[in-house]
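In order, the protein sequence lines correspond to chains U and L. Numbering of the first sequence is given in this note's numbering, commencing with residue 1 and proceeding in unit increments. Numbering of the second sequence is given in this note's numbering, commencing with residue 1 and proceeding in unit increments.
One or more of the hints may lead you astray.
Intra- or inter-copy, both count: the list cannot distinguish identical chains.
Subject to a maximum C-alpha distance of 20 Å in a straight line, what follows is the list of computed SDA-like cross-link-like pairs (lysine to any residue) [said to hold, decoys possible]:
1) K181 - H140
2) K139 - W42
3) K160 - W42
4) K139 - K170
5) K170 - P80
6) K139 - E215
7) K139 - P213
8) K139 - Q47
9) K139 - H187
10) K218 - L114
11) K160 - Y205
12) K181 - E165
13) K160 - H171
14) K139 - P53
15) K139 - L32
16) K139 - E165
17) K139 - D41
18) K218 - W189
19) K160 - E55
20) K218 - S102
21) K139 - L48
Hints listed in this document are in silico derivations from the structure and should not be mistaken for laboratory results.
Protein chains: 2
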Amino acid sequence: MAGRVCGSPLGLSSVLLAPVLVLAVLLAPPALGRGGRGNGDWDAAAQLPPLPPREDAARVARFVAHICDWGALATLSTVPAVRGRPFANVFSLSDGPPGAGSGVPYFYLSPLQLSVGDLQDNPYATLTMSLAQTDFCRKHGYDPQSPLCAHIMLSGSVAKVNETETDFAKHALFVRHPEMKTWPSDHNWFFAKLNITNIWVLDYYGGAKIVTPEEYFKVTFQ
Amino acid sequence: MAGRVCGSPLGLSSVLLAPVLVLAVLLAPPALGRGGRGNGDWDAAAQLPPLPPREDAARVARFVAHICDWGALATLSTVPAVRGRPFANVFSLSDGPPGAGSGVPYFYLSPLQLSVGDLQDNPYATLTMSLAQTDFCRKHGYDPQSPLCAHIMLSGSVAKVNETETDFAKHALFVRHPEMKTWPSDHNWFFAKLNITNIWVLDYYGGAKIVTPEEYFKVTFQ
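Make the full structure from the sequences, and use the hints.
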């Protein structure tokens, strides 16, 4: 029988679930989705900026980190069934409002989410983001595993954002993920960020390129 | 200075790279990309099948595992800079030809890829796939982190495919990733699969649902 983990106040037994699901869908407010035109949803707006020159790996990394509004985060699992094993989960993120990316991936997390318990035990994590998440690779005919379909891996540690950074993190996330404003307050959402220590860029043949955080953060966009 | 890891025979110093890049792009054969219409590239064909009922988590998991043609794989890193830490990387995959998914994610891997060295040391891994990779969530206005934007986590171990399964794995992958047929033979590509032991499905409010491999593999599609 299907089970349920990481229960929230909305948790119900699966026996009772079906009619409730139907009712909830009928009563649910309209989804707000992504920010849409002008708010960093480049695919929907069909205005994805051009990829920087591939030989400038730091710039490509910053481009991917800004264009993508979600990524997959690897953590060391604390879930008993797979404790100590690598785990992967999907998170929305933003490194800044459209056109003003900082390079720092910000998250809006809840202790109720899978992976967040892992991070409380061990903050080390790797985030991967790929242009396969956008229309770029499809439009150019690049397979998601082709190095031409640029993707990046950012390793580091995930930490709560401090007070001075909260306003930026909140604006960065809410402008690109307006639905977040409506998420239930009893989930204890908090702002977090990845403190990046290691960067790999796969954007061309010849293997992943290593970019230092210094090279990455000194990139500026006009 | 940007470095380079996991070098292939195509590796060149960054000083020499720029003019070679331009020449290589000009001379490169046309990209083959994904399989296109009729081959499981549902977005391009604008024919994404309907999501199964959300209360049937096993069916939703099989749906996501079949619809997605790539995912993010978490491994335990063997790269010295982040040894023992969780790592995430992007891989193309296929669980079968369109309409004939097996539920088993198959990969086409090379020892030259980041993560593949990790797997040789420790085969435990978690694969995550999300409908955020398709047009589904955007079309319905679901944020990538909303549970309504269904995503799954499949934990297990990655192993080379044995001889009897090779034909299925090869067909499953090549029909949806035709570009793979042209990848350089000196990269020692091999077919692999995820032997699934644990499954989590996030497809509705109330937390992730646990599906057993038995429930997952007994799902049939018409």
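Results of checking the hints against the structure:
no.	hint	verdict
1	K181 - H140	between (35 Å within a copy, 18 Å between copies)
2	K139 - W42	both (14 Å within a copy, 14 Å between copies)
3	K160 - W42	neither (28 Å within a copy, 38 Å between copies)
4	K139 - K170	neither (32 Å within a copy, 25 Å between copies)
5	K170 - P80	neither (33 Å within a copy, 35 Å between copies)
6	K139 - E215	neither (29 Å within a copy, 37 Å between copies)
7	K139 - P213	neither (30 Å within a copy, 36 Å between copies)
8	K139 - Q47	both (13 Å within a copy, 18 Å between copies)
9	K139 - H187	neither (39 Å within a copy, 26 Å between copies)
10	K218 - L114	neither (33 Å within a copy, 26 Å between copies)
11	K160 - Y205	neither (37 Å within a copy, 24 Å between copies)
12	K181 - E165	within (18 Å within a copy, 48 Å between copies)
13	K160 - H171	within (16 Å within a copy, 46 Å between copies)
14	K139 - P53	within (18 Å within a copy, 32 Å between copies)
15	K139 - L32	between (26 Å within a copy, 11 Å between copies)
16	K139 - E165	neither (37 Å within a copy, 33 Å between copies)
17	K139 - D41	both (16 Å within a copy, 13 Å between copies)
18	K218 - W189	neither (31 Å within a copy, 37 Å between copies)
19	K160 - E55	neither (34 Å within a copy, 34 Å between copies)
20	K218 - S102	within (10 Å within a copy, 46 Å between copies)
21	K139 - L48	both (11 Å within a copy, 18 Å between copies)
Checked against the numbered hints given earlier, the structure breaks hints 3, 4, 5, 6, 7, 9, 10, 11, 16, 18, 19 and satisfies all the rest.
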